[in-house]
Structures are given as structure tokens and as C-alpha cells.
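A.B. asks: As a plain string of letters, each chain reads:
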Amino acid sequence: MERFAALVDGLVYTRSRNGKLELIADYLRTTPDPDRGWALSALTEGLSFPAVKGSTIRNLLMERVDPVLFALSRDFVGDTAETASLLWPKPAGAVMPPPTVSEAVEALSRMTRVSVMSELPRLLDRLDPSGRHALLKLATGAMRVGVSARLAKTAFAQAFGVAVEDVEEYWHALGPPYAELFAWAADGAEPPNTGEMPLFRPFMLAHPLEDAELDLADFVAEWKWDGIRVQLVHAGGETRLYSRTGDDISHSFPEIAEALSIPAVLDGELLVRGAHQGGEAGGAASFNALQQRLGRKTVSKKMLDEYPAFVRLYDVLILEGEDLRELPWTQRRARLEALMPRLPLERFDLSATVEVGSFAELAEIRSGARDESIEGLMLKRRDSPYVAGRRTGLWYKWKRDPLLVDCVLMYAQRGNGKRSSFYSDYTFGCWDGDPDEGADLLPVGKAYFGFTDEELKQIDRYVRNHTVNRFGPVRETDRSLVFEVAFDSVHESKRHKSGLAMRFPRIHRIRWDKPAHEADRIDALRALVRD
Amino acid sequence: MTAPFAWIRPEPHGIHVAPANCWIDPSQPVANALVTHGHADHARGGHGRTIATPETLAIMELRYQTREGGLPAHYGETLRLPGDVSATFVPAGHVLGSAQIVLEHAGERVVVTGDYKRMPDPTCPPFEPVACDVFVTEATFGLPVFCHPPIEQEIAKLLAARERYPERCVLVGAYALGKAQRVIVELRRAGHHDVIWLHGAMERMCRLYEELGVPLGDLRLVTDAKKEELRGAIVICPPSALNDRWSRRLPDPITAMASGWMRVRQRARQRNVELPLVISDHADWGELTATIEEVNPQESWITHGREEALLRWCQLHQRRARALALVGYEDEDD
Ligand SMILES: [Zn+2]
Ligand SMILES: [Zn+2]
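Going down the list, the sequences are from chains A and B. In case it helps, numbering that gives the first Met the number 0 puts the first sequence at residues 0 to 530. In case it helps, numbering that gives the first Met the number 0 puts the second sequence at residues 0 to 333.
For the record, the hints were derived by calculation from the structure and aren't laboratory data. Glycine included, C-beta positions come from ideal geometry on N, C-alpha and C. Do not rely on the hints blindly, as some may be mistaken.
Here are the simulated lysine-lysine pairs, DSS-like style, with alpha carbons at most 27 Å apart [claimed, not checked]:
(1) A:K456 / A:K493
(2) B:K226 / A:K496
(3) B:K225 / B:K156
(4) A:K52 / A:K456
(5) B:K156 / B:K226
(6) B:K156 / A:K89
Output of the computed footprint for chain A on chain B, the stretches with three or more beta carbons under 8 Å from beta carbons of chain A [claimed, not checked]:
(7) 209-223
(8) 257-265
(9) 310-322
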């Protein structure tokens with residue numbers, strides 16, 4: 000536990016992403032199994048111990064410390080777990096040595112609502128303040144050390160010199176404490192077998208197309224749809240629908256999950272059918288219609304009827320046991336076209352390619368596109384394999400409205416007037432390089448409009464739950480929420496560290512589905528500077 | 000006088016000793032001032048006459064060019080003031096020259112601590128508890144979360160960071176009066192005899208400490224160093240210089256800060272501190288409460304800091320206490 004506590008403290012005090020990566024990688028390399036696996040779980044999805052609640056910690060303290068002194072201390076420290084770790088009274092008599100992480104995890108998972116009141120104190124008695132802090136953070140599942148799951152996985156990849164995409168892929172096949180993942184990465188064992196499981200495979204991503212023209216002999220053009228990029232997987236008799244972040248969203252779209260019974264991994268855009276808000280009848284509705292379906296735990300019949308979902312397919316990764324990812328795009332496309340007749344028409348269609356003679360013609364088609372559900376064009380190298388992540392030179396996205404960038408929320412400030420109880424002013428940033436190589440976010444702008452009252456409430460709640468630091472009315476978030484920011488223009492500016500300033504930035508859309516490391520880089524924004 | 004302790008009154012600008020026509024640590028210029036120690040929230044320039052320890056007078060002279068009107072009071076020496084008041088200066092263990100002021104009048108004894116601590120400090124004599132009727136105490140770290148660890152442990156952390164990153168330097172933010180010199184002496188005691196590099200604002204106070212008999216070893220100014228020389232070195236600067244342009248000349252500094260506030264993570268993060276060192280020249284919660292029990296006053300008056308929690312503790316322990324609303328006192332960057 001002492002090493003884990005030192006890691007947690009190190010992460011609290013280290014600002015740079017690189018520094019955090021080093022700390023985690025060093026810990027993972029030098030800590031034995033299964034402690035490092037539990038620690039990794041704690042840093043990523045968080046471990047869950049239902050017996051330990053925030054109120055449990057308060058109640059334990061109330062039995063030991065005067066409530067007024069506790070309240071004054073809590074106000075000053077700003078965090079219940081930390082306050083408790085500092086106020087915990089020294090146990091009388093001899094104590095056992097500190098528990099290991101696995102010992103603590105085992106003990107915590109055995110605790111019940113009743114036994115926690117006597118068993119958690121026994122663990123706390125064995126630790127120093129820093130150990131108690133780490134234990135309470137681990138037990139309540141809220142580490143809040145400014146480390147995203149992605150960063151932890153990147154650190155894992157760095158620690159053992161493996162590809163982060165492979166880590167992502169195997170990750171979903173395994174559970175804490177990830178013994179097989181360490182055996183593979185650290186000791187060179189066979190990779191975990193993922194064939195019979197409905198697992199998420201990391202998406203292939205595109206770079207924004209900047210000034211270059213592409214040769215259409217090498218590249219094929221395809222519409223880019225304004226829905227949610229999804230991956231649909233059927234394996235071992237189960238079907239799962241995954242979002243960009245690898246979250247399982249099958250329960251929100253049961254009609255899609257039911258519709259695939261061929262063992263396959265498909266890449267496509269999730270859309271809602273209908274004429275809502277500008278969509279063509281029978282075609283895809285606008286993104287707003289899709290919003291109605293997102294984030295729901297249960298789906299009513301009315302929802303299913305009014306907003307029927309379907310997937311517009313882009314690609315096939317695996318088909319009936321055959322991994323097609325190494326094949327060129329043209330061959331995968333042929334396999335996908337051949338597959339279409341076997342899929343229910345109601346739930347699947349094929350994203351059409353755009354056949355044109357010249358690049359100029361393509362530019363014209365792009366700017367003339369009127370369909371609300373078209374976000375722009377994709378340009379894919381005809382011979383490109385399907386590789387995880389954003390590989391240069393293979394896929395490009397060419398958005399219809401170029402003045403949109405995906406930024407990461409960094410700070411939120413309370414608003415004025417009737418918004419004074421909400422965090423409604425947002426500072427967001429873009430990456431100054433490859434986030435997986437240790438790049439950092441630099442602020443690029445501030446916005447306080449563009450969202451609905453309902454969305455404001457949602458963002459406010461998000462900010463409160465993802466605060467890592469407070470400065471008066473300002474909260475620093477854990478940098479996990481992506482905003483699609485619209486703006487009129489962008490200029491060079493000496494006043495900002497990023498060297499850029501946006502005019503009239505506004506929140507165009509909240510990308511709850513998008514992982515922060517996929518947000519845009521400063522370079523993408525700089526490419527939009529027109530002077 | 001009928002009411003007990005009516006001869007000594009807390010006013011917004013200091014503690015007024017009426018029969019002697021003098022003030023303790025006044026925040027405005029007065030005719031006669033008794034000053035506990037040289038920190039800015041206790042010692043100001045511009046008084047007619049200032050009574051303080053010789054060390055405090057020297058510090059005040061350095062900081063405020065107060066040449067005239069200084070009247071030295073040695074530790075243990077009792078001064079007869081007008082109005083049948085006597086004052087004795089007793090070590091407070093806070094910084095060089097710091098004193099508690101023991102006032103006696105009409106058979107009543109009041110001790111004003113100024114700031115104090117109970118942990119050992121090689122740069123000044125230790126706090127001496129004096130039994131009294133009224134104990135006027137500070138409460139800078141008056142919350143039960145504050146527990147300052149032994150300084151050796153924090154110094155070891157500093158030396159370990161230096162060892163781990165020989166290509167970088169460790170930049171320690173430390174209050175220029177007291178904290179900086181204590182850290183330096185403790186580093187020497189831990190066997191670190193290399194040059195310690197100073198920010199310009201530290202130089203004069205360090206020199207004064209040496210003149211007053213506290214040897215600090217080989218100190219040099221950062222402005223005189225080549226960047227290469229600073230790799231693997233320890234540099235000390237005022238806390239305000241930690242994040243400013245000045246530190247850009249240093250080779251990839253590890254930002255450390257020596258302060259009791261570093262006990263709380265949020266405080267360290269607010270100042271971008273990577274290496275928090277919990278080193279304080281003030282009493283922590285345990286020292287504050289144990290000292291009240293030890294001197295066992297009829298009443299405790301709490302001057303500055305987190306009075307509310309210490310008041311609550313007194314109430315829980317059936318001790319009479321009140322918080323004084325003094326102006327001009329602030330949390331020292333400690
Ligand atoms: Zn002081
Ligand atoms: Zn003070």
C-alpha cells in the first residue's frame with residue numbers, strides 16, 4: 000500500500016502528462032502481481048466496493064472526532080477522504096504492518112454495510128496519512144488524480160514496450176487484476192484469446208484534411224455522417240454495441256443489438272431514421288433526433304417507434320472468424336458489400352461512396368451537400384489496412400463546416416446572474432502534439448453559450464463530479480469531456496500560450512461519446528488560421 | 000481596577016496595555032511598541048520606541064530601516080514599565096529573536112506568544128512555557144488536520160529528490176525570515192555541505208543570521224551561477240518566486256515548498272508544488288492544545304489563524320476562551 004500511496008501522491012503533485020506516464024509506468028514495472036493489477040484497475044475504471052460509501056467515511060469519523068472540528072477541517076481541506084486520512088486518530092497499542100494493495104482489496108470486497116464500520120478502521124489503523132488517503136480513494140472508487148483510463152493504458156504500454164491499441168483490445172477481454180495482460184506484456188506470454196468474446200476493437204481514425212489535394216486514383220471518397228461512430232460485435236452468441244470510447248451502449252439500442260446474428264465486427268455510424276428536424280423521410284434524421292436516444296438505461300416502445308435506430312456501415316474488421324484488418328480497404332469493402340444482403344434492411348445500410356472524376360468536382364459536391372445528416376467527406380486510401388488509432392496518410396476527414404474543432408474541457412467557472420449557481424463558463428484546450436506520446440492540453444478559448452438549459456445542468460453536474468482542483472470560483476476538471484466548438488475565425492495571438500485565439504467560440508455540441516485523447520490538436524486549429 | 004485583566008485590552012490594531020501606554024505588535028505606528036518577532040504582520044516600522052530582543056531589533060532594522068528608538072530586551076530580563084507593569088521577554092522558538100512577552104500587573108500575569116512552536120529549531124532557543132492567568136495564543140495551524148512531521152523526515156525527502164534527478168535542481172520556496180535559514184541549517188545537519196544557492200531576496204537576511212551567530216555554510220547567489228553548476232543543486236527562493244519568470248533560468252527545477260500548509264494536497268496543488276515539504280515554524284494542532292494544557296491559564300485569547308476550531312476545542316475541554324479580532328495579521332507564507 001505504501002508504494003501505491005506514493006504513486007497516488009506523485010500523480011496528485013505531477014502536472015505534466017509525461018511525468019504522470021513515467022510515474023505509472025515505473026510503478027507497473029516494479030510492483031509485483033496482483034498488486035499492480037489492482038492499482039491499474041483503480042486508476043482506470045475504478046474498483047467498486049458497495050459497502051464503502053462517502054457517508055461511511057463520515058460516520059466513521061463522527062464516532063472518533065468532534066463533529067464541529069470535523070466540519071471545520073472538511074471545509075478547509077476540501078475533500079472528505081483526505082480530511083479523514085489526516086484526522087484519523089493514532090491507534091492505541093501495537094499495530095500490524097500496512098496491508099498490501101491486494102490484501103486491502105480482498106478485505107474491502109468482503110465487507111458488508113454492517114461489518115465495514117469495524118473492518119475499515121482496522122485497515123486504516125495500519126496505515127500512515129498518505130496510505131489512508133490512498134486506501135479511502137481506492138475504496139470509494141474515486142481516485143481523481145487527473146489520470147484518465149486512456150493515460151493509464153498508455154503508461155502500461157510504455158512500461159512494457161507494447162502497442163496501446165493491443166492493450167485496449169485485450170483489456171476488454173480481461174478483468175481486474177489483469178494477470179494475463181501482465182503475463183503477455185511483461186513476461187512475453189501468449190496474448191489473451193479474444194476470438195470467442197464480443198470485444199471492442201479500437202477504431203481506425205482519420206486526420207483532418209488540410210490544404211493538400213489527394214489523388215482520387217489512390218483515395219476513395221465516402222460521406223461522413225453526423226451520428227455516432229459505433230462498433231457492432233457479435234461473438235460467442237452475444238452482440239454488443241460499442242461507442243467510440245469502448246463503452247457498451249447495447250442497452251440503449253436493443254433493436255440494433257438484436258439485429259446482428261452473424262459473427263462479425265462492423266464499423267459504422269449509428270443514426271436515427273426519420274424526417275425529424277430536417278432529415279429526409281426514410282433517410283437519416285439530424286443528430287438532435289439521435290440525442291433523444293442517448294444515455295437511456297431503458298428504452299420505451301414509444302422511443303423505439305419514434306426514433307428507430309439503424310447503422311450505416313463503413314467497414315468490416317472481422318467476419319466469421321476471419322480477421323480482415325490486414326487487407327486493403329477495397330477488399331474489405333467488397334466483403335462488406337457481399338455481406339449486406341444477409342443483414343436486415345431495416346437496421347443496416349451501406350455508406351455510399353462518392354464517385355467523381357476529379358478532386359475539384361468533389362470539393363463542389365462537398366460544399367453543395369444539403370442533407371443535415373452529412374458532416375462532410377471521408378477520404379480513405381484504397382489500399383489502407385484497418386489500423387487502430389490515427390495513422391498518417393491513410394484516412395482523412397474533410398468536414399463540411401471547417402470551423403469546428405473538438406476541444407477538451409479544462410476549467411469551468413461559475414456564471415453570473417441566474418447562472419451563478421452553475422458552472423457555465425468553460426475554458427477548453429487542444430493537444431499540443433500526440434497525447435499518447437505525452438502531449439499536453441493548451442487552452443485555446445472560452446465559451447459560455449451554445450448549450451441548452453438542460454445541457455447546462457448536465458455539464459454542471461459533470462464538472463462537479465470531475466473536479467481535480469479548485470481556485471475560488473474556478474474548478475479544474477480531469478480533462479475528460481470533449482466539446483465540439485464552433486467559431487467564426489481563428490487568429491494568431493501572442494496572449495495565449497497556444498499562440499491562437501478564436502473569434503466567437505461557442506459550444507456546438509457536447510461530445511459525451513468522444514474520448515479526450517481523440518480531441519483535436521493545436522495544429523488542426525492552426526491550419527484554420529486565415530489572415 | 001475591579002474587572003480582571005481590564006488593564007490589557009485587545010484592540011483592532013494590537014493589544015493595548017493601558018497603564019504603561021504601550022502596544023504589543025501594533026499594526027499602526029504608536030509611541031511605545033513591544034514587538035514579539037520580526038515577521039511583517041507583527042513588526043512594523045514607524046513607532047516612537049520599540050522594545051524587542053536585540054535579534055528582532057536587528058531584523059527590523061534590516062527590513063524597515065528602523066534605526067532610532069530601539070530598546071533591547073534580553074531573554075529573561077524583566078523591564079519595569081510605567082503604571083506598575085513589568086514585561087519579560089521569554090523565548091518562543093518561532094524564529095531567531097522571537098519572544099513571548101510576559102506582562103504582570105496587579106498580581107495578574109498575561110503571556111502574549113506572538114507566534115511560537117514547540118519543535119526543536121537549531122536557529123533559535125526553544126519555547127519556554129510560563130504558567131499564567133491569560134494566555135494569548137496564535138492559531139495559524141489551529142485545525143486538527145495539522146500535524147507537522149519531524150523535520151528530519153522532510154529534509155530526507157528533499158535530499159532524496161535531489162539524488163533521484165541529478166540533472167535537475169530542487170527549488171525550495173521558503174519564507175525569507177526564519178524558514179529559509181532553518182532549512183539550510185537542517186540540510187547541513189543532514190550532511191549536505193555543498194553550495195546552497197540563493198535567490199537575491201534571501202541574501203541579506205542570511206548574512207544577518209550569520210552575523211548573529213547562526214552559521215549557514217557555503218551560500219551563493221543564483222545570479223552568479225552557470226546553469227551547469229545548478230544541476231543537482233538546491234536553490235532557495237521566497238515562495239512568491241516559485242512560479243515566476245525568475246525560475247526559468249534554472250535547469251528543469253523540481254518545485255518544492257517548505258510550509259505547514261503543504262500538509263493539505265489542495266494547497267500544494269494551488270501553488271504548483273511538486274515536492275511538498277511539511278515544515279512549519281508555527282505550533283501544530285497538537286502543540287497548540289498541549290501548550291494550553293501545560294500553561295493552564297484561566298483564559299485563552301486566540302489572536303490569528305483558525306480561531307474557530309481552537310475555540311471549539313477549549314469549549315470541549317471546559318476552558319474559557321475568546322477570539323480576538325485583530326486586523327493586519329495574516330497567514331504567513333508558512
Ligand atoms: Zn511569525
Ligand atoms: Zn503571525
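A.B. asks: The structure should be examined with respect to each hint, and the outcome stated for every one.
C.D. replies: Tested hints:
{"no.": "1", "hint": "A:K456 / A:K493", "result": "34 Å, violated"}
{"no.": "2", "hint": "B:K226 / A:K496", "result": "25 Å, holds"}
{"no.": "3", "hint": "B:K225 / B:K156", "result": "26 Å, holds"}
{"no.": "4", "hint": "A:K52 / A:K456", "result": "24 Å, holds"}
{"no.": "5", "hint": "B:K156 / B:K226", "result": "24 Å, holds"}
{"no.": "6", "hint": "B:K156 / A:K89", "result": "23 Å, holds"}
{"no.": "7", "hint": "209-223", "result": "violated (count 0)"}
{"no.": "8", "hint": "257-265", "result": "holds (count 4)"}
{"no.": "9", "hint": "310-322", "result": "holds (count 3)"}
Checked against the numbered hints given earlier, this structure breaks hints 1 and 7; the rest are met.
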